[in-house]
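2 protein chains.
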Amino acid sequence: MKIITLGGLDGIGKNMAVFEYDNAMIVVDAGLMFPDDDHPGVDLILPDYTYLLEHAQQLRGIVISHGHEDHTGALPYLLKDLDLPELPIYGSKLTLGLIEGKLAEHHIKNPPFVEVVAGQSIGIGDFELEFFNVNHSIPAALGVFIQTPAGNVLHTGDFKLDQTPIDGVTTDFAAITRFADEGVDLLLSDSTNAINKQFTASEAEVGKVLYSIIKNAPKRVIVAAFSSHIHRIQQVCDAAIAAGRKIAVTGRSMLTNTEIAQKLGYLDIAPGSLIDAYDAKDIPAADIVILCTGSQGEPLSALARMAAGEHRTVPIEDGDTVIISASPVPGNEKAVTRVVNALSKIGAEVYDKERALVHVSGHAGPEELKLMMVLAKPKGFMPIHGETRHLRAHAKLAEDVGIPRSQIYVLENGDCLNLAQGKLSRGEPVDSGIVYVDGLSVGDISQVVLKDRQTLASDGIVTIVCQIRSRDGRPVGKPEIIMRGVSGNDDNELLEDLINIVEKTATSLAKEQRLNSSQLKRALRERVSSVLWERSRRRPMVIPLILEV
Amino acid sequence: MKIITLGGLDGIGKNMAVFEYDNAMIVVDAGLMFPDDDHPGVDLILPDYTYLLEHAQQLRGIVISHGHEDHTGALPYLLKDLDLPELPIYGSKLTLGLIEGKLAEHHIKNPPFVEVVAGQSIGIGDFELEFFNVNHSIPAALGVFIQTPAGNVLHTGDFKLDQTPIDGVTTDFAAITRFADEGVDLLLSDSTNAINKQFTASEAEVGKVLYSIIKNAPKRVIVAAFSSHIHRIQQVCDAAIAAGRKIAVTGRSMLTNTEIAQKLGYLDIAPGSLIDAYDAKDIPAADIVILCTGSQGEPLSALARMAAGEHRTVPIEDGDTVIISASPVPGNEKAVTRVVNALSKIGAEVYDKERALVHVSGHAGPEELKLMMVLAKPKGFMPIHGETRHLRAHAKLAEDVGIPRSQIYVLENGDCLNLAQGKLSRGEPVDSGIVYVDGLSVGDISQVVLKDRQTLASDGIVTIVCQIRSRDGRPVGKPEIIMRGVSGNDDNELLEDLINIVEKTATSLAKEQRLNSSQLKRALRERVSSVLWERSRRRPMVIPLILEV
Numbered sequence: 018m019k020i021i022t023l024g025g026l027d028g029i030g031k032n033m034a035v036f037e038y039d040n041a042m043i044v045v046d047a048g049l050m051f052p053d054d055d056h057p058g059v060d061l062i063l064p065d066y067t068y069l070l071e072h073a074q075q076l077r078g079i080v081i082s083h084g085h086e087d088h089t090g091a092l093p094y095l096l097k098d099l100d101l102p103e104l105p106i107y108g109s110k111l112t113l114g115l116i117e118g119k120l121a122e123h124h125i126k127n128p129p130f131v132e133v134v135a136g137q138s139i140g141i142g143d144f145e146l147e148f149f150n151v152n153h154s155i156p157a158a159l160g161v162f163i164q165t166p167a168g169n170v171l172h173t174g175d176f177k178l179d180q181t182p183i184d185g186v187t188t189d190f191a192a193i194t195r196f197a198d199e200g201v202d203l204l205l206s207d208s209t210n211a212i213n214k215q216f217t218a219s220e221a222e223v224g225k226v227l228y229s230i231i232k233n234a235p236k237r238v239i240v241a242a243f244s245s246h247i248h249r250i251q252q253v254c255d256a257a258i259a260a261g262r263k264i265a266v267t268g269r270s271m272l273t274n275t276e277i278a279q280k281l282g283y284l285d286i287a288p289g290s291l292i293d294a295y296d297a298k299d300i301p302a303a304d305i306v307i308l309c310t311g312s313q314g315e316p317l318s319a320l321a322r323m324a325a326g327e328h329r330t331v332p333i334e335d336g337d338t339v340i341i342s343a344s345p346v347p348g349n350e351k352a353v354t355r356v357v358n359a360l361s362k363i364g365a366e367v368y369d370k371e372r373a374l375v376h377v378s379g380h381a382g383p384e385e386l387k388l389m390m391v392l393a394k395p396k397g398f399m400p401i402h403g404e405t406r407h408l409r410a411h412a413k414l415a416e417d418v419g420i421p422r423s424q425i426y427v428l429e430n431g432d433c434l435n436l437a438q439g440k441l442s443r444g445e446p447v448d449s450g451i452v453y454v455d456g457l458s459v460g461d462i463s464q465v466v467l468k469d470r471q472t473l474a475s476d477g478i479v480t481i482v483c484q485i486r487s488r489d490g491r492p493v494g495k496p497e498i499i500m501r502g503v504s505g506n507d508d509n510e511l512l513e514d515l516i517n518i519v520e521k522t523a524t525s526l527a528k529e530q531r532l533n534s535s536q537l538k539r540a541l542r543e544r545v546s547s548v549l550w551e552r553s554r555r556r557p558m559v560i561p562l563i564l565e566v
Numbered sequence: 018m019k020i021i022t023l024g025g026l027d028g029i030g031k032n033m034a035v036f037e038y039d040n041a042m043i044v045v046d047a048g049l050m051f052p053d054d055d056h057p058g059v060d061l062i063l064p065d066y067t068y069l070l071e072h073a074q075q076l077r078g079i080v081i082s083h084g085h086e087d088h089t090g091a092l093p094y095l096l097k098d099l100d101l102p103e104l105p106i107y108g109s110k111l112t113l114g115l116i117e118g119k120l121a122e123h124h125i126k127n128p129p130f131v132e133v134v135a136g137q138s139i140g141i142g143d144f145e146l147e148f149f150n151v152n153h154s155i156p157a158a159l160g161v162f163i164q165t166p167a168g169n170v171l172h173t174g175d176f177k178l179d180q181t182p183i184d185g186v187t188t189d190f191a192a193i194t195r196f197a198d199e200g201v202d203l204l205l206s207d208s209t210n211a212i213n214k215q216f217t218a219s220e221a222e223v224g225k226v227l228y229s230i231i232k233n234a235p236k237r238v239i240v241a242a243f244s245s246h247i248h249r250i251q252q253v254c255d256a257a258i259a260a261g262r263k264i265a266v267t268g269r270s271m272l273t274n275t276e277i278a279q280k281l282g283y284l285d286i287a288p289g290s291l292i293d294a295y296d297a298k299d300i301p302a303a304d305i306v307i308l309c310t311g312s313q314g315e316p317l318s319a320l321a322r323m324a325a326g327e328h329r330t331v332p333i334e335d336g337d338t339v340i341i342s343a344s345p346v347p348g349n350e351k352a353v354t355r356v357v358n359a360l361s362k363i364g365a366e367v368y369d370k371e372r373a374l375v376h377v378s379g380h381a382g383p384e385e386l387k388l389m390m391v392l393a394k395p396k397g398f399m400p401i402h403g404e405t406r407h408l409r410a411h412a413k414l415a416e417d418v419g420i421p422r423s424q425i426y427v428l429e430n431g432d433c434l435n436l437a438q439g440k441l442s443r444g445e446p447v448d449s450g451i452v453y454v455d456g457l458s459v460g461d462i463s464q465v466v467l468k469d470r471q472t473l474a475s476d477g478i479v480t481i482v483c484q485i486r487s488r489d490g491r492p493v494g495k496p497e498i499i500m501r502g503v504s505g506n507d508d509n510e511l512l513e514d515l516i517n518i519v520e521k522t523a524t525s526l527a528k529e530q531r532l533n534s535s536q537l538k539r540a541l542r543e544r545v546s547s548v549l550w551e552r553s554r555r556r557p558m559v560i561p562l563i564l565e566v
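Residue numbers (the numbering used here), protein chains in the order written: chain A, 18 to 566; chain B, 18 to 566.
Looking at chain A on its own, in the form it has when it is part of the complex (with noise of 0.2 angstroms):
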């Protein structure tokens, strides 16, 4: 069996693992990743995923661990690239609804979808897949034990092992043992943790904080959390119905995913508790809890609509209380940052996890992690989902619990592990890599585009638009210079000089030599570079146009 993993090795993102053994191919999890400042512009990171379009024949089935973005969000677009109408798609009715309404929005028809619950055992070809329980902060999350005659593999999912969990599921120990039994030849284990806390809080724990903070709150009381997040939506709910307040959604994805998760009968909130938003505004303000969406600050968000005194039908107000129950995603820090600054103005109580309990993590925890390679007893260890650091420290607790270095495995993406006879080794790497889709383009983003756009913002563009007489090269007319986002933009007087020094240099090429379009290009560039340079020291991006007249 081959182990190929195309993403989640750099990051927590666009997790992506495919097991090949002869001459078919499962592949575990297709999700994205949100871009961070280094991507300007750019909306979705995917996980390039040529390698499977290459080997889309040998395909026989996508299996999806839980319904977070991280590993469900590349699914439109891969399945749009491969053109596979019959490949099945395996995953928990949660998981499976979720997917269901990201590809209605993306207009594509459902493929087959496969419904497996934990405990359910299915054959796709060789492979042997068992689905077991696991605690994480979505319901209905799996992992899977993989069996083929090669060996057999663990692949935990995304997992925490909190022993009090709101839905009463906790992560399968029993099943786990079993595997155990059986022989686990290779564990791979979420990282996301690895450097935390030993043991991450049960979500219990958030409950009873939420409870107290609402309880007190005099007034309003506005909770933003992570539309995905069904057990805190459910904490949220029954803490406001135990404080006598009625719940109202607002935010697209908080009202899609509450309705998906209410069918599904994942959420339970009592008939006559929940209100539309529009109606909020007739019930006393200490009545009310109003949970949302923009937890981590994004600008068009419910809470950054209300924090900006913008949002349609809920206004903060001094004395209203905020919930940020979440954690903001790295890179999102500054964002929330301000959505808390512009609430604090209005004079509202905002509570985020620096200040209470109002959230814990969806991983586990150091001592959770090692505890699951005791009861999985794998004899190797491949750490996933999760950037270098958190992998690294994964294999050291790896090696704290007594497997041996030689068989843990610290990959990056497109690494490829062989499973034979139950011996691992390194087997040769595939092609992998990222691809952005920015507005509607997939993949039309090159480094070249991102490099530019980093330029462009951090220095500005100044174009040269420049004629020349093609008989003898001469320079007619002004020279025309426009800048754009360069420091010195409005100086007249810099403008001026520009000008004169590129009907200078282009006059005295002209006179030296005939120079073809080109070398003028290059001298103008240079030119105006380094006058730049000289009085900003800054270096926009000089682009010289010659027109021939």
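As the list makes no split between identical chains, a pair holds if one copy fits it or if it spans any two.
When the alpha-carbon atoms are kept at most 20 angstroms apart in a straight line, the in silico SDA-like pairs for lysine to any residue are as follows: (1) Lys19 x Pro166; (2) Lys370 x Gln215; (3) Lys387 x Arg372; (4) Lys351 x Ser475; (5) Lys225 x Asp285; (6) Lys468 x Arg556; (7) Lys413 x Arg372; (8) Lys119 x Arg554; (9) Lys362 x Asn213; (10) Lys263 x Tyr228; (11) Lys214 x Ala373; (12) Lys413 x Gly336; (13) Lys521 x Ser535; (14) Lys468 x Asp53; (15) Lys413 x Pro235; (16) Lys413 x Asn358; (17) Lys413 x Leu392.
For the record, the hints were derived by calculation from the structure and aren't laboratory data.
Dock chain B against the given chain A, drawing on the hints supplied.
Showing chain B alone in chain A's frame:
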């Protein structure tokens, strides 16, 4: 007396407060702020001190509370702009030493420096200033008690209440008690940590952890810290020496500041323990500690270069230990993470403040802040040094200790307080704001330029050059189109289409009626923008340029 804040009320940075009495004016602090991603290409942010320039003749002196750049960094720019070579600068020996170094970098002649010590009183016209020790993350930090016939103001500067400080200098409770007896009409106090943990741990705690990590490290130890954090540097050196290691210093500001601090007697390293970084490679890895810059992940810093394998004298190898003995300033989290991942990839063991107590804050937590208020017994209170959420939280603490709400002033930069016969009231606000420093240019970066840069960064730019015949307005030759940072940059089909659209638009407009060039420009911009939006859901900046021939 008028109290006017020109900076420091919209974030941790660019602190500047003005005190006016009877036509005389003193300034406390002149700091800068480092920009975040909202300010692409901006190097520094200064407070807008136009008000000081307009009233330069009334200015009697500038007091600097301590040597951090958010309190000193605007000084070179302010002094240049004021051009008052006789204006005295008041500060402690170390503060003035660090300022001297900064002014030299800017080629500014030293102004009259007046060195002050805690306990000293100086009169500046009707202002009577008494300085007192505060404990902070830099030695020789001072608070100041300002007495005028109109009333008394206590300005804490930045402080914490460390009872086991490295240099034995605690915040001077006795002095503050004495000021309370004389009557504090207004307290200005540091809000940085108003929403943090109740007490800030002692700097001494960090020393123990540093020693234990260094002592147990198998190979080279690299410690990155703030170069102005002399106490931290002292502790790193003490730990290194106690563990039997030599110390090498690298990174420009680290070299400068350790030199200044040693010269002025603030840093005490046994002779022979400090070696040149060039000689570090001749010493066994287990016998050396490298002290360096780069704790913020700055791409050109010593640590970032080591992580990239590009440092001239210090290699980092598998098994080395790296301690990041600092907290990432908000906005730098990603940059630090990038460096940590690069170090992890090499195989270095990385300790940051999440993993061990290798850093503590220099600012007082809520309990300390309340203690300060109870000691100073102020009639009025104004939180300074923080974002809105910190100032609001600090104001809340003031209410908790019994300061009447009506006497608590949460202000914004440019706001003015009047103090007359011990009574506070709101005054007329003055012009204020922020000034960007970009390369060599100060204040030339307008909001327009920044807005342009953001558009350029996210969507790119399209320049259209269209030659038209002045006789009849018909296009001559093919229009030229240059795209940079645009999704689909290399898409020749898109380019062809756009060229055709420009040509067609220009031709049809010429047919219909004689349009002037600004009308043609508008038409081209609208047409091209709408095509790009349809194709890519992006709105690059579109700049049409019409050349009449």
